[in-house]
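Line by line, the protein sequences give chains A and B.
All you need for our numbering is the position in the first sequence, starting with 1, plus 30.
All you need for our numbering is the position in the second sequence, starting with 1, plus 2.
Careful, some of the hints might be misleading.
[To be verified] With a Cα cut of at most 27 Å, we get these calculated BS3-like pairs of lysine-lysine:
| # | chain 1 | residue 1 | chain 2 | residue 2 |
| --- | --- | --- | --- | --- |
| 1 | B | Lys296 | B | Lys494 |
| 2 | A | Lys329 | A | Lys166 |
| 3 | A | Lys329 | B | Lys195 |
| 4 | B | Lys72 | A | Lys159 |
| 5 | A | Lys166 | B | Lys194 |
| 6 | A | Lys159 | B | Lys195 |
Keep in mind that the hints were calculated from the coordinates and are not lab data.
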Amino acid sequence: MEIIEKLKAAGLRGRGGAGFPAWQKWQMVKDARGEKKYVVCNVSEGEPAVAKDGYILEREPEIVVEGIALAMEAVGAGKGYLYLRKDYFDKYKDKLAGIVGGKEIEIAREPGGYLGGEETALLDSLEGKRCEPRIKPPFPPQAGLFGCPTLINNLETLYFAAKIDKGEYKNTRFYTISGDVPSAGVFERGENLTIKEVLEKTGNLPEFDFFVQAGGGASGTILMQDELDIPLSGAGSIVVYDKQKTDPRELGLQWINFFIRENCGKCVPCREGVYRLREIFSQEHLEPVDIARARDIVKLLAAASFCPFGKGAANSFGGLLEKLIKP
Amino acid sequence: MKITIDGREIDAKEGQTILEIAKENGIEIPALCYHPDLCVKANCRMCVVEIEGIAAPQAACATKIKEGMKVVTQSENLSALRKTNLELLLGQHRRDCAKCVWQGKCALLKYALELKADLNAYPLRNPEPEIVKFGPIILDKSKCINCRNCVDMCSRQTGSKRGDEAECKSDGFLEIDGRGYENGVKPSDDGKKDCIYCGQCIVHCPVGALDVESAVDEVDALLKDKKGKTLVVQFAPSIRASIGEMFGIPYGEVVTGQLAAALKKLGFDKVFDTNMSADLTTVEEAKELVQRIKESKPLPMFTSCCPAWIRYVEFYRPDLIPHITTVKSPQNMLGSLIKTRWAENNAVKPEDIVSVSIMPCTAKKYDAFKPEEKINGLAPADFVLTTRELGRLLQKNNINLKDMPEGTADDPFGVYTGAGTIFGATGGVSEAAARTAHWLITGKNLEQADLKNLRGIAGLKKAEIEIAGIKLKVAIANGMENVKIILDDLAKDPKAYDYVEIMACPGGCIGGGGQPLPVDDEIRQKRAQGLYSDDAAKQIRFAHESPAVIAVYDDLRNDEHKIHEILHTRYAQKGKSEIKK
Ligand code: SF4
Ligand code: SF4
Ligand code: SF4
Ligand code: SF4
Ligand code: FES
Numbered sequence: 031m032e033i034i035e036k037l038k039a040a041g042l043r044g045r046g047g048a049g050f051p052a053w054q055k056w057q058m059v060k061d062a063r064g065e066k067k068y069v070v071c072n073v074s075e076g077e078p079a080v081a082k083d084g085y086i087l088e089r090e091p092e093i094v095v096e097g098i099a100l101a102m103e104a105v106g107a108g109k110g111y112l113y114l115r116k117d118y119f120d121k122y123k124d125k126l127a128g129i130v131g132g133k134e135i136e137i138a139r140e141p142g143g144y145l146g147g148e149e150t151a152l153l154d155s156l157e158g159k160r161c162e163p164r165i166k167p168p169f170p171p172q173a174g175l176f177g178c179p180t181l182i183n184n185l186e187t188l189y190f191a192a193k194i195d196k197g198e199y200k201n202t203r204f205y206t207i208s209g210d211v212p213s214a215g216v217f218e219r220g221e222n223l224t225i226k227e228v229l230e231k232t233g234n235l236p237e238f239d240f241f242v243q244a245g246g247g248a249s250g251t252i253l254m255q256d257e258l259d260i261p262l263s264g265a266g267s268i269v270v271y272d273k274q275k276t277d278p279r280e281l282g283l284q285w286i287n288f289f290i291r292e293n294c295g296k297c298v299p300c301r302e303g304v305y306r307l308r309e310i311f312s313q314e315h316l317e318p319v320d321i322a323r324a325r326d327i328v329k330l331l332a333a334a335s336f337c338p339f340g341k342g343a344a345n346s347f348g349g350l351l352e353k354l355i356k357p
Numbered sequence: 003m004k005i006t007i008d009g010r011e012i013d014a015k016e017g018q019t020i021l022e023i024a025k026e027n028g029i030e031i032p033a034l035c036y037h038p039d040l041c042v043k044a045n046c047r048m049c050v051v052e053i054e055g056i057a058a059p060q061a062a063c064a065t066k067i068k069e070g071m072k073v074v075t076q077s078e079n080l081s082a083l084r085k086t087n088l089e090l091l092l093g094q095h096r097r098d099c100a101k102c103v104w105q106g107k108c109a110l111l112k113y114a115l116e117l118k119a120d121l122n123a124y125p126l127r128n129p130e131p132e133i134v135k136f137g138p139i140i141l142d143k144s145k146c147i148n149c150r151n152c153v154d155m156c157s158r159q160t161g162s163k164r165g166d167e168a169e170c171k172s173d174g175f176l177e178i179d180g181r182g183y184e185n186g187v188k189p190s191d192d193g194k195k196d197c198i199y200c201g202q203c204i205v206h207c208p209v210g211a212l213d214v215e216s217a218v219d220e221v222d223a224l225l226k227d228k229k230g231k232t233l234v235v236q237f238a239p240s241i242r243a244s245i246g247e248m249f250g251i252p253y254g255e256v257v258t259g260q261l262a263a264a265l266k267k268l269g270f271d272k273v274f275d276t277n278m279s280a281d282l283t284t285v286e287e288a289k290e291l292v293q294r295i296k297e298s299k300p301l302p303m304f305t306s307c308c309p310a311w312i313r314y315v316e317f318y319r320p321d322l323i324p325h326i327t328t329v330k331s332p333q334n335m336l337g338s339l340i341k342t343r344w345a346e347n348n349a350v351k352p353e354d355i356v357s358v359s360i361m362p363c364t365a366k367k368y369d370a371f372k373p374e375e376k377i378n379g380l381a382p383a384d385f386v387l388t389t390r391e392l393g394r395l396l397q398k399n400n401i402n403l404k405d406m407p408e409g410t411a412d413d414p415f416g417v418y419t420g421a422g423t424i425f426g427a428t429g430g431v432s433e434a435a436a437r438t439a440h441w442l443i444t445g446k447n448l449e450q451a452d453l454k455n456l457r458g459i460a461g462l463k464k465a466e467i468e469i470a471g472i473k474l475k476v477a478i479a480n481g482m483e484n485v486k487i488i489l490d491d492l493a494k495d496p497k498a499y500d501y502v503e504i505m506a507c508p509g510g511c512i513g514g515g516g517q518p519l520p521v522d523d524e525i526r527q528k529r530a531q532g533l534y535s536d537d538a539a540k541q542i543r544f545a546h547e548s549p550a551v552i553a554v555y556d557d558l559r560n561d562e563h564k565i566h567e568i569l570h571t572r573y574a575q576k577g578k579s580e581i582k583k
């Protein structure tokens, strides 16, 4: 069976966050016309509380490189990129260069800013431009790097593609667990487990009142204790919060610092909205008018921000405002 | 294809965006970062609309239509989103409406009223002006809403953008700087990039964050207390077809008579018409062209009447200097005549003349004060006001152009021909020069004065003109993005053109950086039409037949040395100018 068929049979979905079926993306790039094609392995892993790409990179970099080479061959790409977060770049570049050997895979360093994880922003930064999202369409599989069809996959996706090719895939995924838990860390467990099961199986299910943030330590979804019977979506992280000890306003502020630091500044909802959220959450006391404003901003972020980054802020703050901050 | 907008079925062309189609059909969608002259950036998010079958609202400016698409542009949900968005924008825009180029007529306030937005929902991020100045151009960051129109515009004027590219660029003198809420516009520190003072960023800024240094107050004060000086004013060709807009006069209506009367009412001692010196420029330029052809001197010859273009050459392309006609810009030519021949003939000391010029142009503020332009140590103009500034000056003095009777400009520089008036539109200089070159070469006038193939506001026009067996390859470019295409052509084939007319602003001076707001192709078209109808209505259509021009040559006794001293200039390589904070 050829690899795209295998991916389809295995039902592998992108592990970067969006969860798009991997085989479809590969097929699109394979079918796209273009003199040149590229494969990019996205290791910008910028969200707080997500560490699984680094974990894999530390332990099994060979399989990652195999995955990139496999994808390049499958879609007909002449060149691949391993796009690394700054600290990963500094730490692993030499080792990775050794593994890459003579393959046409360039090891690239993210210029900075989480937004480099957004696919089109990543492309612009690889092209040496300002790291900002592009207008879509065109989507990268049609016109990506230097206008050529480009497959962008998260590191974990390519890692498992290689595993699938070798027949070693056992329907697992990597979970980063942190927060108020006894054993924080990265765990490989079944991909269809519910969040509750993951916490149980890793010995992390608290006995106290808690809630979690799932799928990213800043943009992830807030889920209350009784909402955990669903599988994890997004970038595979679970942060557990002790409900008693957590001040929702301070939690919001913590996220905001990430969004303030990392947003590109291009669109109004995200640039100004996040700025005003900080202003609102910095007050000691949230008045109803502040909460109403924050709600309006969140609605706007969800509906109108230019790229998924702003929508991510809406996701976490939406939960915070609806579930944790009583109006 | 057919689409539905707000329940209305509409015929549309493939490739158009929802915003364009809506606009064509009179459906207004709020939009701030969209400008028909520019590329789509989709960053203001005001234009969100609902599309059936798509969960999240989409930006109308960035969404291409599809067969059968059903779009809703007005709903409670959309209004609420737009309102929040606008309130956020207002929080970063220091409103200074009384001094603003938009004079309160900006889209921001319009939408605020429509959406019943709270102007003060958020405290201002930058409550104090935050000024950056380069040449006469002023950027006030405390008003900027990061729409990047100016950055796009400047990449066309000074960056690598070519007129035939669709891609958004930002590699001109104005750059995008900083991330997050620190994101903004910044003049480049790069020593190889500089402003050419075209002012196009100003007329494309939706919120008046860019403007040009103003001389309104100084001129107003002088008009009220002349301090023994003689106040002389000249007004440029294109002004007559645009200033009316500031007084509710329809686009393109020519108001030369009212303008002359208004200037007199303001208190100017003499009112001269720059059209007269545009005629003179034409004759001098045609003479030089014919001479260059006959004496095999450097060709192509480029025009010089646009100072932003000259600034471009002197900074970016000094290698082209030998190709620029040495004829002064009409403003400086008339200014020089005023402070030399006119002063002498009227027994006024040149130092006692205050020469004011009304220009469509921000670069003319620079042009008037270049050291090379000095005549006997004096600047050809002491104050340069833009069309907008004159509008303000008139408003300040309660003079409504609409109510003015028809006046006339004064002798000896008041009479003009049809050739001079079309200087204000792209192609006009070429047409005027071709009419006179024909006469210089053949001794006869063209039977048909209209050279229609040189007209139209297209960014790039190419034509071949044959005069007595001499074939002249003419190129006409407006907007630096198109000029650069011509320069590329010449880099490949230096003989590609013999005569090149260049205007830095889209449409020529009718689209100048000092003109009233707003501006787009339709408005430029109407202003140009105004000038061409002024030309057609003139009895004399040939610059060389202008009695005022003939009188100048008589006065100079056709002495080439004198002519050169007063009517010609020189150019030199220029360095980067200071950026003041
Ligand atoms: S753009 Fe000008 S007129 Fe409009 S709100 Fe701002 S300062 Fe006032
Ligand atoms: S005046 Fe012209 S060259 Fe200068 S910044 Fe504005 S657009 Fe750029
Ligand atoms: S200065 Fe004006 S045109 Fe430029 S980005 Fe700011 S708001 Fe937009
Ligand atoms: S085209 Fe006209 S208005 Fe624009 S810079 Fe040149 S001379 Fe000035
Ligand atoms: S006009 Fe569409 S986003 Fe600004």
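Holds or violated: Lys329(A) to Lys166(A), with C-alpha atoms at most 27 Å apart:
Holds, at roughly 22 Å.
CA of Lys159(A) to CA of Lys195(B), is that 27 Å or under?
Between Lys159(A) and Lys195(B) the Cα gap is close to 18 Å, so the pair holds against 27 Å.
Against the 27 Å threshold, does the CA-CA distance of Lys166(A) and Lys194(B) hold or violate the hint?
33 Å, violated
Next pair to validate is Lys329(A) with Lys195(B); report whether the Cα-Cα distance is within 27 Å.
At roughly 42 Å apart (the allowed maximum being 27 Å), Lys195(B) and Lys329(A) break the hint.
Between the alpha carbons of Lys296(B) and Lys494(B), is the straight-line distance 27 Å or under?
Given that 27 Å is the threshold and the Cα spacing comes to 24 Å, the pair holds.
Satisfaction of hint between Lys159(A) and Lys72(B), Cα-Cα up to 27 Å:
36 Å, violated
Consistency with the previously given hints fails for numbers 3, 4 and 5, ordered from lowest to highest.
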